[in-house]
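Undergrad: Chains A and B, in that order, are what the protein sequence lines are. Residues 0 to 387 (numbering that gives the first Met the number 0) are what the first sequence spells out, left to right. Residues 0 to 112 (numbering that gives the first Met the number 0) are what the second sequence spells out, left to right.
Derived from the structure by calculation, the hints contain no laboratory data. Since the structure is predicted, the reported quantities are computational estimates derived from the model, not experimental observations. No residue lacks a Cβ here, since even glycine has one placed at the ideal position from N, Cα and C. Some clues are possibly wrong.
What the hints assert, rightly or not - Label pairs and their calculated CB-CB ranges:
(1) Glu-61(B) with Phe-63(A): 46 to 52 Å
(2) Arg-20(B) with His-301(A): 52 to 58 Å
(3) Lys-50(A) with Trp-10(B): 30 to 36 Å
(4) Thr-274(A) with Asp-97(B): 46 to 52 Å
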Amino acid sequence: MDFEPDSEQQMLIDQVRRYVREEIIPLEAKLDPDASELDPADHARLVEKTKAMGLFGIDIPKEFGGPDIDIVTRVLLAIEMAQHRAGLYVPCYGTFGGAGLAQIFEANEDQKQRYLYPTLRGEKKPFFGLTEPSGGSDPARAIQTRAERKDNGWVLNGAKIFISGADRAQYGIVFARTDASKGRGGITCFLIDAETPGFHVRRVVHTLRSSSYATELEFKDCWVSDHQVLGEVNKGFAVANDRLTRQRIPYAAGCIGVAIAAHEMAIEWAKMRSTFGEKLANRQAVQWMLVDNEIDIRSARHFTLEAAEKARRGLPFRTEAAIAKLIASEGGGRVVDRSMQIHGGMGMTKDLPLERWYREMRIRRVGEGPSEVQRMVIAREILGSNLR
Amino acid sequence: MSIRLRLDKPWRPLSAAEAARLPGQLGVYQVADATGAIVYIGQAGGRSPFGLRSELQREFKERGPGHQFRVEVNMQYRTRWFELLMVHQADHGSLPSDNAKNPPPSLGRLSPA
């Protein structure tokens, strides 16, 4: 497959690259190195700019008002959008907008009125509540939050952890066990308003990540009506699984973007910095690190675009998405690590973005399914799903 | 595992000498008035030249005597700062008076147990 961008894609890439370099990076230079939000006035001004570019909400389907941009092009643009200090978790500080959660496109009309359209208008923000203290990699078995029938509705009891944005969201998509006798066939997906009695955001979970911190949630006799069931009762696992698979492609793209930015910094530094009378770039040890960076980046780019191309064609892409996520998160981490090594002491400081990327990139080997789960997904494909 | 949401270190008088003794590390801090009411929750971030020391020296310079403070060294100063603000809001129904004058753009809400 040829993954070189066509002329239209290249034009969009150039446009986004200019935007990142001319609009985002200069503003970012004035922020705290761990900041994840722009001044509201700057944010509003830049949103107008991305709307004028025709790129606002690029993951929103065309029928809901999004631009008609295919997933391969979206990956190419996501790689560009991540190339700044906060870019891994808040690419361009959210100025390109977005749907937030693809699942609500599958909601019924009443739910679309209450959740999807306000979200698309920027009036509501959602969170995705899947992972629990009992585990996140195996949601079919780990979900212990229970939803029991009561008064034409459901009562939820349980806890969630590592949930991004729940403290600022107006509603969330929450998975709970509705049939304890079935594994993946006993999970239901609910839309939970943040104001619902019994829903609590208990604390911030501090991690290596500077942006979009995670939270811990508690559901204590939290009653919701039948109208809050998203999809069908006991069929929530498919909703979660679909999201996890789809999310792996843009997740990989973000890793590639940061890896490219780190690599470019390392190249520039190696050409400029001298030690013992010789430029770093002339030393084989440094050259080989840069070569390994290049190979990691090209590999990740190839496999991520391959997954996106399969998704674009409507072909199964679960294995390809797992490969992309695995290679991009592991390779991206290596690239940032080598780039820090080339920078020496400066690479460890908050003066440069490398230390933030190093911390945040480490999470990528665990978030959205750890490397080991991606390998399990790939192993099932090559060995057959009935082998253990 | 016990998780401390609230700062519970002893208060120290805000003075030039006390501020000068602080480490140059990153972290968060609270400033209270003479009655013990928290008036400001701040952070010593990656652009503070001498971390907590610079921030509390600046606080003393701006506020003068009659205040007290406490600090927490924390590399995750940013998320800890948001957490302290949200916990204060949950406990008291509002932000500390000096934070309320210039609140962070999108502060969430917590209902700590």
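Undergrad: Can you let me know if the beta-carbon spacing of Thr-274(A) and Asp-97(B) is within 46 to 52 Å?
TA: Taking Cβ atoms as reference, Thr-274(A) and Asp-97(B) lie about 48 Å apart, which means the hint holds.
Undergrad: Verify the CB-CB distance for Lys-50(A) and Trp-10(B) against the hinted window 30 to 36 Å.
TA: Given range 30 to 36 Å: violated, Cβ gap about 49 Å.
Undergrad: Using the C-beta atoms of Glu-61(B) and Phe-63(A), is the stated range 46 to 52 Å upheld?
TA: 50 Å, holds
Undergrad: Could you say whether the range 52 to 58 Å given as a hint is met by the Cβ separation of Arg-20(B) and His-301(A)?
TA: Because 56 Å falls inside the window, the suggested range holds.
Hint violations for this structure: number 3 only, all remaining hints satisfied.
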